[in-house]
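Peer 1: Residues in the sequence shown are numbered consecutively from 1, following this note's numbering.
To be clear, the hints were calculated from the coordinates, so they are not data collected in a lab. Careful: at least some of the hints might be erroneous.
[Unchecked claim] Computed list of lysine to aspartate or glutamate pairs in DMTMM-like fashion (alpha-carbon distance at most 25 angstroms, straight line):
1) Lys71 <-> Asp35
2) Lys6 <-> Asp60
3) Lys52 <-> Asp35
4) Lys57 <-> Asp35
5) Lys57 <-> Asp36
6) Lys53 <-> Asp39
7) Lys57 <-> Asp39
8) Lys71 <-> Asp36
9) Lys71 <-> Asp39
10) Lys52 <-> Asp4
[As the list claims (entries may be wrong)] Listed next, with one range per pair, are the computed distances between beta-carbon atoms:
11) Leu80 <-> Leu33: 16 to 22 angstroms
12) Pro56 <-> Thr27: 24 to 30 angstroms
13) Gly16 <-> Arg55: 15 to 21 angstroms
14) Thr42 <-> Arg67: 16 to 22 angstroms
15) Leu80 <-> Asp36: 20 to 26 angstroms
16) Pro9 <-> Asn44: 14 to 20 angstroms
17) His64 <-> Ser31: 14 to 20 angstroms
Glycine is no exception: its CB is placed at the ideal position from the N, C-alpha and C atoms.
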Amino acid sequence: MVIDVKLTPVQTRIMGQLIGGLPALKTTLHSCLNDDMTDLSTVNAHIYILRKKLRPKGYDIVCHNGRGERKSQYQLVRLLAGAVE
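Model the full structure from these sequences, guided by the hints.
Peer 2: Structure, rendered in structure tokens:
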């Protein structure tokens, strides 16, 4: 799957985890950041920016909330045609 959007190196690593369509744990996505000392909530900011880039292309990232922030999972999904237009 190729999505034509301009990504930063961190966003590219995050998309590498999500591109298969399977859910990825927030802790897994956190490991894609340049600094392991950053707060886990930093992933939220990267996901927010990625969503803004992906939605016009017909994709989105959904969150499946588990028990506790460490159990949250993110998944790349394809939007239906009517949702994008």
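Peer 1: Hint by hint, note whether the structure agrees.
Peer 2: Hints versus structure:
The suggested pairing of Lys71 with Asp35 holds, with an alpha-carbon distance near 20 angstroms, which does not exceed 25 angstroms. Of the supplied pair hints, the one linking Lys6 and Asp60 holds, its CA atoms being roughly 15 angstroms apart against a limit of 25 angstroms. Of the supplied pair hints, the one linking Lys52 and Asp35 holds, its CA atoms being roughly 23 angstroms apart against a limit of 25 angstroms. Between Lys57 and Asp35 the alpha-carbon distance is near 29 angstroms, which puts this suggested pair outside the 25 angstroms criterion.
Distance hint between Lys57 and Asp36 is unfulfilled; the C-alpha atoms sit about 30 angstroms from each other, more than 25 angstroms. About 23 angstroms separates the Cα atoms of Lys53 and Asp39, which keeps this hinted pair within 25 angstroms; it holds. Taking the CA atoms of Lys57 and Asp39, the gap is about 29 angstroms. The hint is violated against a cut of 25 angstroms. Restraint check for Lys71 and Asp36: satisfied, since their Cα atoms lie roughly 18 angstroms apart, inside the 25 angstroms limit.
For the given pair, Lys71 sits about 15 angstroms from Asp39 by alpha-carbon distance, which is consistent with the 25 angstroms threshold. As the CA atoms of Lys52 and Asp4 are separated by approximately 13 angstroms, the hinted pair is consistent with the 25 angstroms bound. In this structure the hint that Leu80 and Leu33 lie 16 to 22 angstroms apart at CB is violated, the actual value being about 31 angstroms. At about 29 angstroms, the beta-carbon gap between Pro56 and Thr27 stays in the expected band of 24 to 30 angstroms.
At about 20 angstroms, the beta-carbon gap between Gly16 and Arg55 stays in the expected band of 15 to 21 angstroms. Remark: the range hint 16 to 22 angstroms for Thr42 to Arg67 is upheld by a beta-carbon distance near 21 angstroms. At roughly 37 angstroms, the beta carbons of Leu80 and Asp36 sit outside the given window of 20 to 26 angstroms. The supplied range of 14 to 20 angstroms is met by Pro9 and Asn44, whose beta-carbon atoms lie about 19 angstroms from each other.
His64 and Ser31 have their C-beta atoms about 18 angstroms apart, which keeps the hinted 14 to 20 angstroms range intact.
When held up to the earlier numbered hints, the structure conflicts with 4, 5, 7, 11, 15 and fits the remainder.
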